[in-house]
Amino acid sequence: MHLFRAIKRRIIMFLINHIFAGTRPCFFEVKRRLLNAIGYSIGENTKIVGPIECYGDLVVGKHCWIGKNLKINGNGSVVIGSNCDLGPEVTFQTGGHAIGDRNRRAGQGETYHQVIGNGTWIGGRSTICNNSTIGDGCVVAACACVIRDVPDNTLVGGVPAKVIRSLKV
1 MHLFRAIKRR
11 IIMFLINHIF
21 AGTRPCFFEV
31 KRRLLNAIGY
41 SIGENTKIVG
51 PIECYGDLVV
61 GKHCWIGKNL
71 KINGNGSVVI
81 GSNCDLGPEV
91 TFQTGGHAIG
101 DRNRRAGQGE
111 TYHQVIGNGT
121 WIGGRSTICN
131 NSTIGDGCVV
141 AACACVIRDV
151 PDNTLVGGVP
161 AKVIRSLKV
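Going by this note's numbering, the sequence shown opens with residue 1, and the numbers climb by one from there.
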């Protein structure tokens, strides 16, 4: 049974990434249903451009926009709230390592769980690392690298991402 599920997943990901990739309106619902069929949870009216690469768990709320080339690396989980927008090439690093000793700095493996709050906008080519939670109503500037929690209604940017300013509620 495990082999059947693995084959089904590969076929569906091929369809999403090669046949249905792009912004044609007729494809959005097909991609959403296909992703739900292989164990992801994608809310209604969420539009995923594709292609996507996902090795961990993914939950996306309702009415979101997920730009092309979304990547979820590692075996952790990503939960994205409702009414969120992710630009192209956003990456979630849900796996990593503790710092090891001098003989091997990449120490014990770690799995991360990341949460994106409702109404948040993540700019293109941003990377989310560690067990980071980005609050509701936030903006992550393009190419930022988030390594720690971001409070609600905050604009962050840079590498590593730092608070730029609070946003109006």
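Since the hints were made in silico from the structure, they are not lab data. For each residue, glycine too, the CB sits at the ideal point set by N, CA and C. Any given hint could turn out to be false.
Unchecked claim - Derived lysine-lysine pairs resembling DSSO-like cross-links, with alpha carbons at most 30 Å apart:
1. Lys168 x Lys62
2. Lys47 x Lys168
3. Lys68 x Lys47
4. Lys47 x Lys62
5. Lys168 x Lys8
6. Lys8 x Lys162
7. Lys8 x Lys47
8. Lys62 x Lys8
9. Lys71 x Lys47
10. Lys162 x Lys47
11. Lys162 x Lys62
12. Lys8 x Lys68
13. Lys8 x Lys71
14. Lys162 x Lys71
To be verified - Quick list of simulated restraints, FRET-style, between CB atoms:
15. His18 x Arg165: 38 to 48 Å
16. Ala37 x Lys162: 15 to 25 Å
17. Ala6 x Val169: 14 to 24 Å
18. Val159 x Ala106: 37 to 47 Å
19. Arg125 x Val163: 12 to 22 Å
20. Val163 x Ile11: 37 to 47 Å
21. Asp152 x Arg24: 18 to 28 Å
Verification of the hints:
1. For the proposed pair Lys168 and Lys62, the alpha carbon gap of about 23 Å is at most 30 Å, so the pair holds.
2. At most 30 Å may separate the alpha-carbon atoms for a hinted pair to count; Lys47 and Lys168 meet this at roughly 27 Å.
3. At roughly 10 Å between alpha-carbon atoms, Lys68 and Lys47 fall within 30 Å of each other, so this suggested pair holds.
4. For the given pair, Lys47 sits about 9 Å from Lys62 by alpha-carbon distance, which is consistent with the 30 Å threshold.
5. Between Lys168 and Lys8 the alpha-carbon distance is near 45 Å, which puts this suggested pair outside the 30 Å criterion.
6. Of the pairs offered as hints, the one joining Lys8 and Lys162 is violated, with about 41 Å between alpha carbons and a cut-off of 30 Å exceeded.
7. Annotation: proposed proximity of Lys8 to Lys47 holds, straight-line Cα distance about 22 Å (limit 30 Å).
8. Between Lys62 and Lys8 the alpha-carbon distance is near 25 Å, which keeps this suggested pair within the 30 Å criterion.
9. About 16 Å separates the Cα atoms of Lys71 and Lys47, which keeps this hinted pair within 30 Å; it holds.
10. Restraint check for Lys162 and Lys47: the C-alpha separation of about 29 Å stays at or below 30 Å, so the hint holds.
11. Restraint check for Lys162 and Lys62: satisfied, since their Cα atoms lie roughly 28 Å apart, inside the 30 Å limit.
12. Only pairs whose Cα atoms come within 30 Å are accepted, and Lys8 paired with Lys68 is accepted, the gap being roughly 22 Å.
13. Proposed proximity of Lys8 and Lys71 is supported: the alpha carbons are some 20 Å apart, at most 30 Å.
14. A C-alpha spacing of about 22 Å is found between Lys162 and Lys71, which places the hinted pair at or below 30 Å, so the restraint holds.
15. A C-beta distance of roughly 41 Å is found between His18 and Arg165, which places it inside the suggested range of 38 to 48 Å.
16. Between Ala37 and Lys162 the beta carbons are some 40 Å apart, a value that contradicts the proposed interval 15 to 25 Å.
17. The supplied range of 14 to 24 Å is broken by Ala6 and Val169, whose beta-carbon atoms lie about 46 Å from each other.
18. Range check, Val159 to Ala106: about 20 Å between beta-carbon atoms, so the 37 to 47 Å window is missed.
19. Remark: the range hint 12 to 22 Å for Arg125 to Val163 is upheld by a beta-carbon distance near 20 Å.
20. In this structure, Val163 and Ile11 meet the distance hint of 37 to 47 Å, their C-beta atoms being roughly 44 Å apart.
21. In this structure, Asp152 and Arg24 break the distance hint of 18 to 28 Å, their C-beta atoms being roughly 35 Å apart.
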